[in-house]
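Novice: What follows is the residue order along each chain.
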Amino acid sequence: MALAQPPATPRFAGSIRLAARQFPRHRAAMVGLVCLVLICLAAALAPLIAPYDPVQIKLSAKLKPPSFEHLLGTDHFGRDVFSRLLYGGRTSLSVGLLVVAFAFVLGVPLGLASGYFGGRTDNLLMRLVDAFLTFPPLLLAVALVGLLGPDIQNVMLALGLVQAPVLARMVRGSTLAVREEVYVTAARALGAGPGRIVISHLLRNVVSPIIVQLTVVFAAAVVAEASLSFLGFGTQPPQPSWGRDMSEARRFLGDAPWMFLAPTGAIMLCVLSINFLGDGLRDALDPRAWRTRRAVEPDKR
Amino acid sequence: MALLAIRNLRTRFATDRGTVRAVDGVSFDLAEGEVLGLVGESGSGKSVTALSVMRLVPEPPGQVTADSMSFDGIDLLRLSEAQAREVRGASMAMVFQDPMRSLNPVLSIGRQLVEVLQRHQKLDRPAARRRAIELLEMVGIPLAEKRLAAYPHQFSGGMRQRVMIAIALSCNPRLLIADEATTALDVTIQAQIVDLVKRLTRERGTSVIWISHDLGVVANLCDRVNVMYAGRIVESAPIRDLFHRPSHGYTLGLLGSTPRIDGPALRRLSPIEGLPPNLIDPLPLCPFLPRCRVSVAACRERAPERRDLGREHWASCFAELNQRTP
Numbered sequence: 001m002a003l004a005q006p007p008a009t010p011r012f013a014g015s016i017r018l019a020a021r022q023f024p025r026h027r028a029a030m031v032g033l034v035c036l037v038l039i040c041l042a043a044a045l046a047p048l049i050a051p052y053d054p055v056q057i058k059l060s061a062k063l064k065p066p067s068f069e070h071l072l073g074t075d076h077f078g079r080d081v082f083s084r085l086l087y088g089g090r091t092s093l094s095v096g097l098l099v100v101a102f103a104f105v106l107g108v109p110l111g112l113a114s115g116y117f118g119g120r121t122d123n124l125l126m127r128l129v130d131a132f133l134t135f136p137p138l139l140l141a142v143a144l145v146g147l148l149g150p151d152i153q154n155v156m157l158a159l160g161l162v163q164a165p166v167l168a169r170m171v172r173g174s175t176l177a178v179r180e181e182v183y184v185t186a187a188r189a190l191g192a193g194p195g196r197i198v199i200s201h202l203l204r205n206v207v208s209p210i211i212v213q214l215t216v217v218f219a220a221a222v223v224a225e226a227s228l229s230f231l232g233f234g235t236q237p238p239q240p241s242w243g244r245d246m247s248e249a250r251r252f253l254g255d256a257p258w259m260f261l262a263p264t265g266a267i268m269l270c271v272l273s274i275n276f277l278g279d280g281l282r283d284a285l286d287p288r289a290w291r292t293r294r295a296v297e298p299d300k301r
Numbered sequence: 001m002a003l004l005a006i007r008n009l010r011t012r013f014a015t016d017r018g019t020v021r022a023v024d025g026v027s028f029d030l031a032e033g034e035v036l037g038l039v040g041e042s043g044s045g046k047s048v049t050a051l052s053v054m055r056l057v058p059e060p061p062g063q064v065t066a067d068s069m070s071f072d073g074i075d076l077l078r079l080s081e082a083q084a085r086e087v088r089g090a091s092m093a094m095v096f097q098d099p100m101r102s103l104n105p106v107l108s109i110g111r112q113l114v115e116v117l118q119r120h121q122k123l124d125r126p127a128a129r130r131r132a133i134e135l136l137e138m139v140g141i142p143l144a145e146k147r148l149a150a151y152p153h154q155f156s157g158g159m160r161q162r163v164m165i166a167i168a169l170s171c172n173p174r175l176l177i178a179d180e181a182t183t184a185l186d187v188t189i190q191a192q193i194v195d196l197v198k199r200l201t202r203e204r205g206t207s208v209i210w211i212s213h214d215l216g217v218v219a220n221l222c223d224r225v226n227v228m229y230a231g232r233i234v235e236s237a238p239i240r241d242l243f244h245r246p247s248h249g250y251t252l253g254l255l256g257s258t259p260r261i262d263g264p265a266l267r268r269l270s271p272i273e274g275l276p277p278n279l280i281d282p283l284p285l286c287p288f289l290p291r292c293r294v295s296v297a298a299c300r301e302r303a304p305e306r307r308d309l310g311r312e313h314w315a316s317c318f319a320e321l322n323q324r325t326p
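Line by line, the protein sequences are chains A and B. Everything in the first sequence is counted per this note's numbering, starting at 1 for the first residue and increasing by one. Everything in the second sequence is counted per this note's numbering, starting at 1 for the first residue and increasing by one.
A hint or two may mislead.
Ranges of calculated distance between the beta carbons of each label pair, as one might list FRET restraints [what the hints assert, rightly or not]:
1) A:Ala101 to B:Gly73: 48 to 54 Å
2) A:Glu180 to B:Pro271: 29 to 35 Å
3) B:Arg130 to A:Gly265: 52 to 58 Å
4) B:Pro105 to A:Phe230: 41 to 47 Å
Hints in this document: simulated from the structure, not taken from any laboratory. Quick caveat: nothing in here was measured; it's all calculated off a predicted structure. Note that beta-carbon positions come from the ideal geometry of N, C-alpha and C, so glycine has one too.
With these hints in hand, go ahead and build the complete structure from the sequences.
Specialist: Structure follows, in structure tokens:
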């Protein structure tokens with residue numbers, strides 16, 4: 001009979017695929033993603049887009065307001081603010097992203113290990129984290145950069161080292177809560193080993209707070225880089241960075257507000273985009289927040 | 001030979017205030033295909049007994065010792081953690097009390113089923129999925145194929161417990177431990193789940209340890225019952241015998257506090273007064289003595305011995321309670 005074909009292998013979408021399908025439905029997150037991609041592209045393609053050399057001094061054209069010649073005006077050395085914004089984005093974005101990556105790679109495993117193993121491991125790791133957290137974050141970063149030398153890579157390293165313990169502590173807290181869940185015991189009762197427990201049960205369930213925290217870390221890193229540059233660590237003049245340009249523009253706030261508004265606006269846009277993106281990711285990774293279609297809902301019987 | 005044989009199981013937990021003897025010398029056998037009830041109030045050691053058998057008691061602070069504890073020819077006391085993982089989920093499985101919390105909320109039902117099948121049965125993904133659908137159909141979940149992609153929060157409590165049962169039975173275990181598996185469900189769903197477990201385990205000859213404080217459920221399901229109090233088994237009897245000839249003060253108290261549909265219409269339930277003993281303190285006499293209504297002089301002098309009452313029925317009690325005949 002024609003109907004007696006063997007049933008096709010039943011398919012069900014993997015959770016990552018389902019999450020990916022869910023993400024575009026979050027409008028704010030899509031806007032954030034698009035903005036972030038555009039900003040990153042602009043920074044990456046700076047040499048092609050920028051109308052001027054970002055460090056070219058032209059004193060005859062200093063503090064000019066925005067015009068067709070200089071889209072965002074010029075600064076106190078007559079440098080083109082738009083060009084500096086594009087090039088500065090390279091520094092600021094890479095600092096932000098690398099600090100986030102560093103904090104993630106160092107902080108999340110530490111927090112998971114601490115929360116999962118508990119006892120002596122937990123004690124040791126958390127006292128170490130406490131030691132880091134006793135210092136004011138910026139002071140610690142300054143000390144580290146002072147120790148390693150004022151170089152942008154060292155700034156990233158220092159900021160990452162400062163942020164990782166914060167993340168570790170948070171991950172540990174969430175892990176401790178999830179570890180006591182019945183489904184973790186149930187998974188163990190079904191023969192799941194430590195690897196499986198940590199990855200598919202603990203990490204999967206603490207991913208939302210991690211993402212939220214990482215968006216905060218990104219924003220903090222961009223601003224901290226500005227502070228460090230201001231103090232003379234980090235980006236060295238005349239190299240542009242958003243934070244550096246922002247703090248320099250302070251002096252001309254009354255005369256040339258465009259100098260201040262451009263990098264500030266860029267940082268704000270970036271942080272907002274990342275926050276929206278984080279929101280979207282968090283929701284996409286949590287099935288309970290999904291707007292599901294009828295197909296998978298249990299029918300009322 | 002018994003599938004599970006436990007002799008003198010003791011599970012202790014080290015705490016700041018002293019050692020808690022959660023399970024204090026438990027011995028019993030479980031035959032192939034037998035359904036054993038473990039009843040007692042909260043803190044009587046039922047769950048800890050089950051976790052000790054599964055080797056799921058965290059050590060430290062816990063400490064599990066026994067003269068012997070064997071399952072299906074395996075010495076459970078000597079299993080390494082890795083060996084224990086091979087046994088868990090494969091030849092013994094457990095269903096927990098709270099179906100709302102015993103499934104991982106961020107993984108689909110299918111994934112959680114498939115994971116176990118891949119882990120123990122070494123099935124490839126398509127085969128594991130086909131089996132997962134069979135299992136969901138087996139526990140009475142309609143549209144099983146679609147439901148694989150669903151997440152726990154889309155299911156009701158009863159359906160989740162069905163899923164848990166499907167997962168637990170997925171690798172055809174020889175022993176199923178149900179720890180208060182119907183306590184969190186409402187009564188009609190409870191009855192469905194009990195019937196489901198009864199049918200499925202009978203079909204496969206799976207042995208069951210059914211932990212409950214609900215004597216009604218136990219009466220419906222079990223072949224024999226161990227009554228636990230303060231970490232000890234105080235009475236053990238075939239199910240009918242327990243109801244007809246309760247032979248321990250505590251069993252009597254339990255029955256007196258259970259509503260019965262076949263009893264007099266206006267019988268008052270009599271609660272057991274007082275609280276269970278602190279398991280840190282040494283308990284040289286019968287642990288139930290302070291709450292017992294039928295205690296005799298001997299109770300205050302020495303600990304009761306296990307007293308054989310025939311027909312595989314015994315109790316650790318001095319009181320003569322066998323006035324009623326079956």
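Novice: All hints are to be evaluated individually against the structure, with a verdict given for each.
Specialist: Structure-based check of each hint:
1. A:Ala101 to B:Gly73: 48 to 54 Å: The hinted range 48 to 54 Å holds for Ala101 of chain A and Gly73 of chain B, with Cβ atoms some 52 Å apart.
2. A:Glu180 to B:Pro271: 29 to 35 Å: Because 31 Å falls inside the window, the suggested range holds.
3. B:Arg130 to A:Gly265: 52 to 58 Å: holds, 56 Å
4. B:Pro105 to A:Phe230: 41 to 47 Å: Roughly 45 Å apart at Cβ, these two residues keep to the hinted range, so it holds.
When the structure is compared with the earlier hints, no violation turns up for any of them.
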